[in-house]
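K.L.:
Sequence:
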Amino acid sequence: MLKKEQVLKILKPISVSLIPYVLFYLPILSKNTYLGGSDPTKYFYPSRYYLWESLVNGRFPFWTERIYSGFPIYADSERVFLHPLNILVTVLMGPFDSYKFLHLMFYTLGSTALYIFLRRRGFSYLGIFAANLIYYFSFYHLFHQQHFNFTLTTFSIPLGILLADNFARTKKIKWFYLINFLVVLFLYFGSFQSVLILVIAILFYLVTNIPEIINRIIGLKLMFLSGLLILTFSLPLLVPTFQLYLKANRSTFGLDFTQGSYHPLMIVNVIYPYFFGNGSNYKWNMVSSEYGIHETYVYVGVVALVCGFLGLKSLKKQRFRNFLLLNISAFLILGIIKFIPFYNNIPIPLISMFRYWGRSIVLFDFALACLAGYFVSYPSKSIEMLKFKQFELIKIKHPLVLPVGLLIILTLLNSRTLLIMKLFVMRAFVPDRSFFVWLTLLALTLVTITSCKTSLKKDLLSYSLVILLFVDLFYFGNGIIRSYTRTLK
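Using this note's numbering, the first residue of the sequence shown is number 3, and each one after it goes up by one.
Read the hints as simulated data drawn from the structure, not as lab findings. One thing to keep in mind: the hints can contain errors.
To be verified - Derived lysine-lysine pairs resembling DSSO-like cross-links, with alpha carbons at most 27 Å apart:
{"hint": "1", "residue 1": "K460", "residue 2": "K14"}
{"hint": "2", "residue 1": "K44", "residue 2": "K102"}
{"hint": "3", "residue 1": "K102", "residue 2": "K33"}
{"hint": "4", "residue 1": "K249", "residue 2": "K44"}
{"hint": "5", "residue 1": "K424", "residue 2": "K285"}
{"hint": "6", "residue 1": "K318", "residue 2": "K102"}
{"hint": "7", "residue 1": "K44", "residue 2": "K33"}
{"hint": "8", "residue 1": "K249", "residue 2": "K285"}
Unchecked claim - Here are the simulated distance ranges between beta carbons:
{"hint": "9", "residue 1": "L94", "residue 2": "P48", "range": "15 to 23 Å"}
{"hint": "10", "residue 1": "L224", "residue 2": "S71", "range": "33 to 41 Å"}
{"hint": "11", "residue 1": "F226", "residue 2": "N283", "range": "47 to 55 Å"}
{"hint": "12", "residue 1": "R357", "residue 2": "N283", "range": "23 to 31 Å"}
{"hint": "13", "residue 1": "M288", "residue 2": "P343", "range": "38 to 46 Å"}
{"hint": "14", "residue 1": "L25", "residue 2": "T489", "range": "14 to 22 Å"}
{"hint": "15", "residue 1": "M288", "residue 2": "K315", "range": "19 to 27 Å"}
{"hint": "16", "residue 1": "S354", "residue 2": "G221", "range": "34 to 42 Å"}
Glycine residues also receive a C-beta, built at the ideal position from the N, C-alpha and C atoms.
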């Protein structure tokens, strides 16, 4: 019979994963509902239905007569016709329930991996709960639910980092092979950009935690072996996909990898929800048609930002800190790359193959989740930092900062900047009820943290912050999933 301590050890990671999942995704847990949206309705579900229909009739859908005059449908990688796991669950559960299963499965794997990864670093249960909330239930993941394959991959970034951590700790080659297996697994889901983001996160962790990997010979050997393994096991997918690509428009006309880049002023969307409206009042698409609502709104929670900033001030583990700062820097560069002089004209290998690099916000979300979770775990370590007069401004001494800063300012003096400012002046941003809720949450967070110096105990402070964090993300975010919910007829 299991002891009480053993039961709690099992229940804690389960509760971290399932409690917020049930609360946020309750509308789609019914047998009669499913995740909808433009892409699922027009692309993903028809593909899943055709795969299921073909397989139950005893044939594999290499070809379909239902698209154009005929189409090699299996070669379209995002339809996921070549993924063994997807084939299995689609046959067993049908086109709709099979995706619900995959959604819950990869969320649970990623969430559990995040729990183990942070527990190794001494995070408390409440700190991990906070980190899980921020990473999985901020606007990025909620709005991107219509991008099935992208979401499943980014759900699993903590799993990739955990495998990298195992490799860094043990130096055992089996973990290296498992990392490559994970990359291949998600390549077969067909969202190559999200796999690249996953690889970037893993590389950041390895570089900051295995110093010898930077050694030219060791690094080259590992890169060559990894590339060989991934290429070999991905050939059944990559060959037909590449052949189909050669006949597509993009092989002829190409694409602009800076398309969809955030304007630097759009960083406000990280701090404040629905800054230029929602629904029929949405205004960011007046700046550019590239700024669809699901790509633009990336709110992470004002409570999370305050906790994350204080966590950054108090985190002393240098390697872990450097890893998180690399993730933040990657988003700040990739997310606004169109407005960074020189870089916006350089065809960066692999990066230039994809657009909408604002999606790299997921790296920022992961870093913020860890930093905020650290503060919730150890609030007392930052008490002295709350004496605001002791806060020091970041001193930037690098000689290139001034000229680069001037170049960025000159780059921003364009019509897009003027249009954003004009929208702001024209009150596209309205201080409505959401504004006052946001302001109240910010005030309560600051008052709660400041009170810790006098009356609040550490545990009470941690509980209070988790409650505020949940209220913040749930109040502003629960409507997103409801807007994607459709009823089966």
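K.L.:
Are the hints correct? Go through all of them and say.
P.N.:
Going through the hints against the structure:
1. K460 with K14: 20 Å, holds
2. K44 with K102: Holds, at roughly 18 Å.
3. K102 with K33: Distance of about 10 Å is within 27 Å: holds.
4. K249 with K44: 22 Å, holds
5. K424 with K285: Judged against 27 Å, a Cα distance of about 12 Å means the pair holds.
6. K318 with K102: 40 Å, violated
7. K44 with K33: 21 Å, holds
8. K249 with K285: 36 Å, violated
9. L94 with P48: 15 to 23 Å: 20 Å, holds
10. L224 with S71: 33 to 41 Å: With Cβ atoms ~47 Å apart, the hint is violated.
11. F226 with N283: 47 to 55 Å: 53 Å, holds
12. R357 with N283: 23 to 31 Å: 27 Å, holds
13. M288 with P343: 38 to 46 Å: 26 Å, violated
14. L25 with T489: 14 to 22 Å: Holds: the Cβ-Cβ distance is about 20 Å, inside 14 to 22 Å.
15. M288 with K315: 19 to 27 Å: 38 Å, violated
16. S354 with G221: 34 to 42 Å: 23 Å, violated
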